Structure formats: structure tokens, C-alpha cells
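There are 2 protein chains.
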Amino acid sequence: MNKVVFGIDVGGTTIKCGFFSDDGELIEKEELPTRKENSGENILPDIAEYIKMTLAMHKKKFTDIAGIGIGVPGAVRDDGTVNKCVNLGWDVVNVPKKLSELLIFPKEKIKAGNDANVAALGEYWKGSGKEYSSIMMVTIGTGVGGGLIIDGKPINGFNGAAAEIGHMPLVDGLDFACNCGKTGCLEQVASATGIARLAGTKNAKEVFDRAKAGDKDMEEVIEKVCSYIGKGLACAAAIADPECFVIGGGVSAAGDYFIDKIKKYYKKQAFHPSIDTAIVKASLLNDAGIYGAAKLAL
Amino acid sequence: MNKVVFGIDVGGTTIKCGFFSDDGELIEKEELPTRKENSGENILPDIAEYIKMTLAMHKKKFTDIAGIGIGVPGAVRDDGTVNKCVNLGWDVVNVPKKLSELLIFPKEKIKAGNDANVAALGEYWKGSGKEYSSIMMVTIGTGVGGGLIIDGKPINGFNGAAAEIGHMPLVDGLDFACNCGKTGCLEQVASATGIARLAGTKNAKEVFDRAKAGDKDMEEVIEKVCSYIGKGLACAAAIADPECFVIGGGVSAAGDYFIDKIKKYYKKQAFHPSIDTAIVKASLLNDAGIYGAAKLAL
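Line order of the protein sequences matches chains G and F.
Counting from 1, one number per residue, gives the positions in the first sequence under full-length UniProt numbering.
Counting from 1, one number per residue, gives the positions in the second sequence under full-length UniProt numbering.
Hint data in this document are derived by calculation from the structure and do not stem from the laboratory.
A hint or two may mislead.
Unchecked claim - Computed list of lysine to any residue pairs in SDA-like fashion (alpha-carbon distance at most 20 Å, straight line):
#, chain 1, residue 1, chain 2, residue 2
1, F, Lys267, G, Asn159
2, G, Lys264, F, Thr183
3, F, Lys52, F, Val92
4, F, Lys3, F, Glu108
5, F, Lys268, G, Thr183
6, F, Lys268, G, Lys61
7, F, Lys263, G, Gly181
8, G, Lys263, G, Gly250
9, G, Lys109, G, Pro45
10, G, Lys268, F, Lys182
11, G, Lys212, G, Ala192
12, F, Lys267, G, Asp172
13, F, Lys3, F, Gly24
14, G, Lys268, F, Lys98
15, G, Lys182, F, Lys261
16, F, Lys98, F, Glu37
17, G, Lys153, F, Lys153
18, G, Lys97, G, Glu41
19, F, Lys60, F, Ser100
Computed from a predicted model, the values in this text were never measured in an experiment.
My request is simple: use the sequences and hints to build the entire structure.
Structural data, given as C-alpha cells:
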């Protein structure tokens, strides 16, 4: 009998749970609400309960588990300690230790990682990045985040801030601050929020829809946004030089229209050895996190 | 008897040779001219001859060699193959294989790497970077190059172009091209050549000397240059997030005056988790390459 692995992606609203065979086949997935009240004290017990129930339903035992991986929206130290995860209400929580106590399961088999890095690992393992030796995932949604995987290993950075491509100071002339407190971050023009703000529309989807329908003003906004994203990728390539960029997040739903423009501006600005770096759309969408979390534990 | 290791740094003008104990103590160093004529065919034989002579003088045998490391000014594949190194006149050369044949020494114990990455490894091992888990070395000389070391391992990049911080497209409004063919590279304003061009002086040293003596125009140039370097480091930190930046190359001779201004502009532009990343001056100077090459082979 093959072993199984759990991949859990803890978000601010829901906990996505994946139950996998150890060769990476998704057997079943489920979503739980993220109960953030009381400093998020129910989050890990809810996950433990889900794991016990799933094993029972599938007539599996704890000894059948190859590992449990968990992605959380915050910086995670190598030992799995999360330091003040605002999105979950957590103070300092050592995820493997706590979950190990709840499940009476060896903590060495429980791994935790930052959600963006974990999603990148998912795309690298089973998604659009699977043919490449190294990828940088760029998630363009409400914010702009990322994850860097080199030779199968997530690069977290000394401060857990590697692949934070959205906070490169690349935009001159802005007169308002980024969520991070600085001014001039790529995220301020390249996120869904930023795109809508530049265009004066309700949301980024409207900008793309109108641009695709031929609205010149909206086209101009998209060109400007893609020029900045191209610059960001060119800078990222000059530092990490991945084999492939994987573009994910809600805005990537704009598809080839968006990806092709990013490619155009990347090629204009990239250092020549890296000019042919692949730029592809993410394929696992909301499941990238559970795949990556599972891989983390294998 | 302890083993010995050779660290060789091949430059366009001279070949720097270091003879080390295997705990990294420099026993002796020597410089040979780089004979680039006839497609650089003498370079590796000259190195082989130096190694034989040095062993003879110190009454050591080939069996006493722990390894031989070589840094070359070009992209180097994992197997030690150098593909068209213009600075040496080389076409395609597999350095470990060729040197192994010349010395009748196992090629597995001969390692080759890009000179900038090798210098970074030297600073990481025995120089200013030795107290840090990860460093990015930034070499500011005729050009602006760099090397990235994470957990003791050089990160070369898929195209051998990682840590090429000088070719990030960060400068708007330039009307002339970089050596690489693009326009807007950090190197165009931050290299020794770039600094002198901005200031209209003979060389970068004059700009620093006059600025330190109170020349307002020269001070303004230095502020501008350091603002761009600070932006470059902030972008690099948002991608690789090293624990420390090590600033080397000829321009770093300007000392704390220069480093302090870089720090000031870095802190203004860096993403907050990385705002306290150390920025220090390189300490091994021209010996970084031989130290790093030796480490590569250990």
C-alpha cells in the first residue's frame, strides 16, 4: 500500500486541504473556514480534526502518512516557526510542534513554509514549471508576490523576503504609498488594485476586457503595466536568473493577451544571456498551494 | 601532513595563483602573465607548469593536493566547460578535463567557476562575508558585477547570469548604450567609468577626492550614484534577500564615505523585512579570487 501525504494551504478566509498519494496524485480536496477569532487558536486543531477524519474515511492509519505540509501567509523559519502572522491572528507559533502534539505524529514529518514559496513549489512540481530546473513564480492578484525555486529547493531569503518582486522600488513619480509603507513599489502599478487605480475603473478585469475590445485608453494602461512588469522580471532575472517565470494570481486569468505583452517588455529590458527565459501562465491556480505543501513534506 | 589546495584566478592580463593549506591559510601567491595569443592556448599549460614547480619547491607530491580551483572571466557550466571566453581568446574549453590531462591529476578534483562568483565565494569564506549565512557581492570597477552565495553555495543562474546587478534596467533618461547593448543599466551610472562620465572628470577617484574635499557638484554626483546603487541593492534584496551585501572592486576604495551613502539610500528604498541587511566593504581585494577558487575545490 502506498503512503499518503497531506498538503494544507492556510489562507485568511479558507483553509484548502489536499489529500495526495505520495507520487503526487490528488485523491481528494476540501475547504475549511479559517477561524481567526481568539488569536486563531482553532486553526491547527481544525486541521488536525480534518486529517483524522480523512484518514478514518479512507481507512488509513497514521503510519500510512509520509508527511504533512502546510503553507501559511507569513514568514516561516526553517524550524517551522511562524512569527506574528497577522492574517491568521497568530503570535509566535511553531506549526510542526503544535500539530505534532495535536496528532501525536512525529514533528519531523511536518513541514511549514510561506504560502507564496509553497505555491511556487507546487507549480514547479506539478504545474507549469515542471519542465524547468528553476522557476520564479510571480503572483499578480490583490498584491504582487512571488516564490523562487532553484533545483527543487525554495529560496526563502535571510529575512523570509526573497522573491518579493512586488516590493522592488521601480516606479518613479507616484504620490501615494504602498501597503508596505514605501512609495514606488512595482505592486503599486502591477497588482489588480494598482491596474484598476491607473485606469480609473472598478477592477482590473474591466481594464483587460475593455482593452481587448479595442479601448485605446485601456490598452495604454495595459502597455504601461506590462512595461513595468517586464522591467521587474528583467531585474529579477539579473539577480536570480531562473529558467522560467510562472505568472499566477487572479490577473493572470487575462491569459495570453497579458503574458505576450509581458514577454515583449521583458525582452526589451532583459540582460542578453537571459533574454530567452520562458514566461508562462501558472496552471494549478488555487490548487498550487496544496500541491506545493504536499511536496514540502515529501 | 596536511593537504594543500591551489586557487587560480585567471584574468585578462594576469593569472593570480594561490597555494593554500586545506584549512585556507595562504602559503604563497604568485602572478603569471595571461598569454592570450593563439586563442589562449598557453594559459592552462602555464598554470600546470606553475603547479608542478610549486609542488617541487615545497617538496609536495600530487597526492598531497586536495583540489585545484579556477576562476575564469566568463560563464562556466556545472561540468567546468567555458563557452567562448572572449577575454582569454578561448573557444569552448573544458577546464577540468584539459588541466587533468596536463597534470595527470583526477579531473573530479578540479573545479572551475565564473570569476565574479568565485570572488564572492572568497569573501564569504575568508573575507568580509565570513560571518554571514548568505551574501551578495557587488563588484564596482570598470563594470558592475556580482556574485551570490547562499548557504555556502554559489548561485550561478540558469544562463550563468545570476547576480549581474549591473545590468538591471534601473536608469531612465540615458541617451547612450551600455556595453551590453541595452540602455538604462545600473552599470552605466554606477561603474567607475559611469561615475566619471556623469561628473565629466578623468576618473572616479577624482570625483570622490573632490567630493570629500567639499566640491558641491561632485557631492551631487556621488549622491546620485549612491541613490542608484541603493535602488539596485533594494531590488536585489527583494529577489535574493541575502544576509549581507559585500561591496568590492576598485571604487570601493572610496571607503566608508561611499559605503555609508549606499546604506542611506538602501534603507530608503528597501522592503521593510530586509531594511537592516548588512552592507560592508570587501576585505580580500585582489585576493578574493584565489581564496574563492581554492574554496571551490575543497
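Tested hints:
{"no.": "1", "hint": "Lys267(F) x Asn159(G)", "in the structure": "holds (15 Å)"}
{"no.": "2", "hint": "Lys264(G) x Thr183(F)", "in the structure": "holds (16 Å)"}
{"no.": "3", "hint": "Lys52(F) x Val92(F)", "in the structure": "violated (25 Å)"}
{"no.": "4", "hint": "Lys3(F) x Glu108(F)", "in the structure": "holds (16 Å)"}
{"no.": "5", "hint": "Lys268(F) x Thr183(G)", "in the structure": "holds (10 Å)"}
{"no.": "6", "hint": "Lys268(F) x Lys61(G)", "in the structure": "violated (54 Å)"}
{"no.": "7", "hint": "Lys263(F) x Gly181(G)", "in the structure": "holds (19 Å)"}
{"no.": "8", "hint": "Lys263(G) x Gly250(G)", "in the structure": "holds (18 Å)"}
{"no.": "9", "hint": "Lys109(G) x Pro45(G)", "in the structure": "holds (17 Å)"}
{"no.": "10", "hint": "Lys268(G) x Lys182(F)", "in the structure": "holds (8 Å)"}
{"no.": "11", "hint": "Lys212(G) x Ala192(G)", "in the structure": "holds (17 Å)"}
{"no.": "12", "hint": "Lys267(F) x Asp172(G)", "in the structure": "holds (17 Å)"}
{"no.": "13", "hint": "Lys3(F) x Gly24(F)", "in the structure": "holds (11 Å)"}
{"no.": "14", "hint": "Lys268(G) x Lys98(F)", "in the structure": "violated (38 Å)"}
{"no.": "15", "hint": "Lys182(G) x Lys261(F)", "in the structure": "holds (19 Å)"}
{"no.": "16", "hint": "Lys98(F) x Glu37(F)", "in the structure": "holds (18 Å)"}
{"no.": "17", "hint": "Lys153(G) x Lys153(F)", "in the structure": "holds (13 Å)"}
{"no.": "18", "hint": "Lys97(G) x Glu41(G)", "in the structure": "holds (14 Å)"}
{"no.": "19", "hint": "Lys60(F) x Ser100(F)", "in the structure": "holds (18 Å)"}
Hint check: violations occur at hints 3, 6 and 14; the rest are consistent with the structure.
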